[in-house]
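**Student:** Below, each chain spelled out in residue letters.
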Amino acid sequence: MSRWLLRRTGDAVATALVASVVLIILLHLLPGDPLAAVLGDHPVPPAVEAALRRQWGTDRSVVQSIGAVFAGLAHGDLGVSIVEQRPVLAILGERLGPTFLLGALTLLIDFTAGLALGVWSALHPDAIRARLIGAITIVGYALPSFVVGMLLVWMFAVKLRWFPAAGLSNVLLRPDASVMTTLLDHLKHLVLPLAAMVIATLAVPLRQQRAAALVTAAQPWVLAARARGISPALVAWRHCWRPALTPIVTLLGLWLPMLVAGAVFVEVVFQWPGIGLLLARATQDRDIPLVMGAGLLLIVTVQLGSLLADVMYHVVDPAQRQA
Amino acid sequence: MTRLARVGLAILTLLAAFAIVGPWIAGDPNAQPDPVNGSLLLPSPAHWLGTDQLSRDIFARLASGARISLAVAAIAVSVAAVFGSALGLAAGAAPGLAGRLLQRLIDLGLALPRIIVLLVVLAALGRMHYVLLGVVLGATGWPAVARLVRGETLRLRHAQYVAAARALGAPPARVLWYEIFPGTLPAVLVASTLGLADAILLEAGLSFIGVGIRPPEASWGGMLYEARDYIGSAPWLVFIPCLALVAATSAATLLGDALRRSLQPETR
Amino acid sequence: MTPLLEVSDLNISFPRDGAPLVPVDDVSFMVSPGELVALVGESGCGKTLTGLALPRLLPRGAVLGPRSAVRFDGTDLTRLSERELRSYRGRRIAMVFQDPMTSLNPVMRIGTQIAEAIHAHRKVSSRDARERVLALLAEVGIADPPARINAYPHQLSGGMRQRVLIAMALAGQPDLLIADEPTTALDVTVQAQILELLDRLRAARGMAVLLISHDLGIVAGRADRVLVMYAGRIVESAATAQLFAHPAHPYTRGLFASIPRLDATTTRLTPIRGTVPRPDQWPDGCRFHPRCPVAVSRCLTQRPPLELVAPDQRAACWVAQGAAT
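Residue numbers (this note's numbering), protein chains in the order written: chain A, 8 to 330; chain B, 7 to 274; chain C, 241 to 565.
No lab work stands behind these hints, which were simulated from the structure alone. Built from N, CA and C at the ideal position, the CB exists for glycine as well. Among the hints, a few may not be true.
[To be verified] If you want the footprint, here are the derived chain A segments under chain B, 3+ residues with CB under 8 Å: (1) 16 to 26; (2) 156 to 163; (3) 280 to 291; (4) 296 to 303.
[Stated by the list, open to error] Ranges of calculated distance between the beta carbons of each label pair, as one might list FRET restraints: (5) L174(B) x T16(A): 30 to 40 Å; (6) L37(A) x A22(B): 25 to 35 Å; (7) D427(C) x A225(A): 20 to 30 Å; (8) S537(C) x I135(A): 44 to 54 Å.
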């Protein structure tokens, strides 16, 4: 177990490192000068331009860049945002919370709802249920997250006025409002982005979990449990859901990249102040250090997530645990 | 072919026809005939789908957007298909270390969230021509194709007819090109059809967050980007490009799904 | 003695385009309390479906015929609701399945699985349940139960798993145990031990056993009665000694002729000619007639009923019945 964990961790670290290097090289190979874009038509003295280039690191070679980025990383330094003129790390720190909240809740709901629906439809494979699941899947695949988001905004924020359309909280809320009020306000702001995220990302988990549950439901131990007179709820829970969990856990890591894409678009729709919105803005502004920083953070998160998923697999599966 | 797949194919064909013919009959998508009185108009004989906040004809923008959005997606899918199959074939056929390295490369491509790579590239390149955007999308879409093609190549290498060709003394390159490569084409087709939906979606998403096709050029995602602020006053500005987008992506998904099922009946 | 189980005209069909498939066609038999009855036949003859039909655990799409009745202790199980049936499953009728590898939930400890079977039918404290689990494990011959109670299925051998499954079946203290090919997936030496165990448990608990098997050999020393099934029907039903001494149906005789014997005077085995037909190609009349060495014209068109041909022996064969009368 410990040797496996070591190797698996090494794999994740290596992937994250290689991915970072690829991004840095990519930035260097591509034409386009962010400094020129920012300076635009404003002429600056050559000395100033050289100083700016040095400061922003656009005068470095590929190797120097890679070295500089990793040297910075070692000191916990990701450079300075061109637009905001603040350390990238500080900006990322402010944005991490909202994204993490949205992402973790989405993952949780995707996982439980997907598994529950998957087991439910696998235990009763009649035409109506199969079609319902099929419909959810197609809708999930075909409806882009931002389209879902816009439609939710129109329905629940513009027409029904149930939930606010954007932001993390009501800026007009009095600072001395009670904890309950503040919390409720945050919750209200969370509902629509979360709904958009779940609708846009549920299809893949649902399909995979249904497939896993179908395999499990056909196992002899399910029939054996029924033959023992175990109640249907327990058969579904202990003998279908629980064993289906094992293969599903390994897939968790694969859902993360999908979640990242969803987060970028959904955060823009709802102006949710997370990493995704930041990344979109920074890309628009061509704020390369910030884009790099946010990108690296997400890549590392995805790697960490899939590592965690694999560790969980080893915990969940008795055969793996004792191996 | 199932009924749903036929519906998907029909919708895609219609959209393609609309992309080719539409811009001719719809006129200039950037004309602003009357910005003062003629903006945010409801549909009328003069403007079939109404006008936007700058009095531009929505039908014309939708048609022009169809051309750009579908062209970008088509370019992206082609680039990904060529690049992905080449890599997948090489990874599946190359012996020893080379094959393993290529496999690691594909794994790396799959591990990197596509959206991040895209955003980094777009941040570096800034505003770009839509053909280039298509190429960039394709250049980040190859891992899915490569993975499928590699799997097929590995499978086909052990197929009887390939072994027979080898036994007849065909050189490896010839076996790869004449025996294995054609066998992987169905997989490429499936990956490309599903990739088409992804590409349409990604281009629209990038344009929607203002970093893909940028105004005043029309694309479906870009129309949404511009219409966002009018969702309360003129929601049809949002609905119309949404509808076009969903039609295109669901059609491609239906078709791709059906193709995949016919290719791998066991993964139903 | 009143029978514990009385199956009459059990008919299982699968509707499909065209004529429905009828893999079990009007099967009738009885099992008395404490009796060990063997149901023997080749794979595909419908014996497994028959076993599953008793506690109504039929696969999806299977339809029970309108005249079919499964009277257990006086109650017709085919008329019960799913909820009512649950108080029979495991509690009155327990099952042991063929493959001990896959009949245990791989992510539950075996102790938990047995305890679950106990809790399903009795209100007991988890302390008492644990005691019962330990007692059951000891009863089925598992050494050092306290050490095994927390094991996962993958940590046990095939024979041990089958013992665990039998312990689970005993948890509800059933009156009838249906054992469907309980030893087929096991090594030969383990097979004998498991059969020994089943026989011992039957004697100790006064529990009836319906032993479903393709192998006449394992039935020989243990069964009180043998039912021989062919192509969805019971073709012969007799006390074991009678059947082994004087098999009446040509199919049963064919089965015996194809078993190697140590005391054989002939050196060659005689296989039954032809193969078992698929359920969609079952012939009219006696279903064995295309393969039967003694078939007469009547066998081609008329279905032979299961009639007495000797004391304690019934056979569905025109020829055998003709010889008897």
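**Student:** Starting from the hint list further up, note which numbers the structure goes against and sort them upward.
**Tutor:** Hint check: 5 fails alone, others pass.
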